[in-house]
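**Student:** Sequence:
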Amino acid sequence: MAHEDVESLNGVSFQAEGTFPVRRTLPQEVPVAMVYDGTTLAVMMASPQDVLDFAYGFALSEGIVSSLEQIERHEIASHTLGIEARFWLREDRRDALKRRRRTMAGPVGCGLCGIESLEQAVRKLPVIQSTEPTFSHLDIATATDSLSRQQPLYRLTGATHGAGFMRPGEGVILVREDVGRHNALDKVIGALASEKIQASTGALVLTSRLSVELVQKCAMAGCSTLIAVSAPTAHAQQIAQTVGITLVAFARGGGFDVYSHPDRIKVELRDVP
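In this text, residue positions in the sequence shown follow the working numbering: the first is 3, and each later residue adds one.
Because the hints were derived from the structure by calculation, they are not lab data.
Note that the coordinates shown come from a computational prediction; the quantities given were computed from them, not determined experimentally.
A hint or two may mislead.
Said to hold, decoys possible - Label pairs and their computed distance ranges (CB to CB):
1) R25 x R96: 49 to 55 Å
2) E6 x Q131: 24 to 30 Å
3) R125 x G256: 32 to 38 Å
Note that beta-carbon positions come from the ideal geometry of N, C-alpha and C, so glycine has one too.
Just need the whole structure built from these sequences, with the hints factored in.
**Tutor:** Below, the structure is given as C-alpha cells:
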C-alpha cells in the first residue's frame with residue numbers, strides 16, 4: 003500500500019476573537035524500518051516521501067557503506083503499519099554493518115536512540131582538510147531563505163523540517179523535507195549520492211538547530227560547511243572545530259554567525275576587533 007504525504011483533519015481553533023471550526027492539512031508520520039541483509043538496524047518515525055533517499059543517506063551517514071556501489075540491491079516495501087527499506091550489501095561491508103548495529107524505535111529523528119555504548123555516541127569522524135569551497139557573504143546570507151522557498155510540504159502543513167544543498171553562486175539546488183531534522187538531512191545526503199553530486203562541492207543547509215548528530219552526518223558526507231537557521235549546541239561546535247567543518251548558525255534576515263573555520267567565507271569583518 004502507498005502512504006500519503008499529508009492528511010486533512012477538522013479541528014477547533016481558539017482565538018482572542020472567539021472559537022472557530024478549522025480544517026488543517028497535517029503531514030503524515032510513519033515508521034520506516036532500515037533493513038540491511040535481513041537485519042533491522044533502525045526504526046524511525048519519518049515522512050513517507052523520498053524513502054529511498056532516506057535509506058541511502060542513513061547508510062552513508064552512519065558508515066554502513068561508503069558509496070552506493072557497495073549496495074548490491076534494494077527494495078522499498080510498504081505495509082499497513084509502515085515502510086521497510088530493504089538493502090543487501092556487498093560482502094565486504096558486513097563487518098561495517100555489525101559495527102553500526104542499532105535497535106532504534108524512538109522519537110522522530112532521534113539519532114542516538116538505542117545505541118549500545120557511550121563510545122558509539124562519540125564516534126570517530128573523518129577530518130576535512132580542504133579549505134574549499136569558499137562562499138560569499140551573499141551565498142550564506144540567502145541560503146535559508148532559498149531553502150524555505152523550496153519547501154512545499156512546510157508551506158502546506160507548517161510542521162516539517164527542510165534540508166538542502168547549496169553551491170557557491172548557484173543557491174540551494176536540492177531540497178528534501180521530513181518531520182524529523184535528522185531524516186531530512188539523510189534524505190539530502192542520499193539524494194546527492196544518487197545523483198552523483200559530491201557533497202564536498204557545496205554546503206548543507208538546515209531549518210533546525212545544530213546538534214551533534216547533524217555535524218557528524220555532515221562530516222561523514224564529506225561536506226565542509228553546515229548552515230542552519232538556529233543555534234548549535236556547545237558539543238556540536240567543538241566537533242565541527244575538530245573535524246574541520248565551517249559551522250554557520252542563526253542564518254536569517256541577511257545575517258549569520260560563524261562558530262568554526264570562518265576562512266571558507268569571504269566576508270569583510272570590519273566590525274570585528
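**Student:** A range of 24 to 30 Å was offered for this pair. Does it hold for the Cβ distance of E6 and Q131?
**Tutor:** Roughly 45 Å apart at Cβ, these two residues miss the hinted range, so it is violated.
**Student:** Can the suggested window of 32 to 38 Å be confirmed for the beta-carbon pair R125 and G256?
**Tutor:** holds (36 Å)
**Student:** So the hint says 49 to 55 Å: do the beta-carbon atoms of R25 and R96 match that?
**Tutor:** Holds, since R25 and R96 (Cβ atoms, about 50 Å apart) stay within the stated range.
The structure fails to meet hint 2 from the earlier list, while all remaining hints are met.
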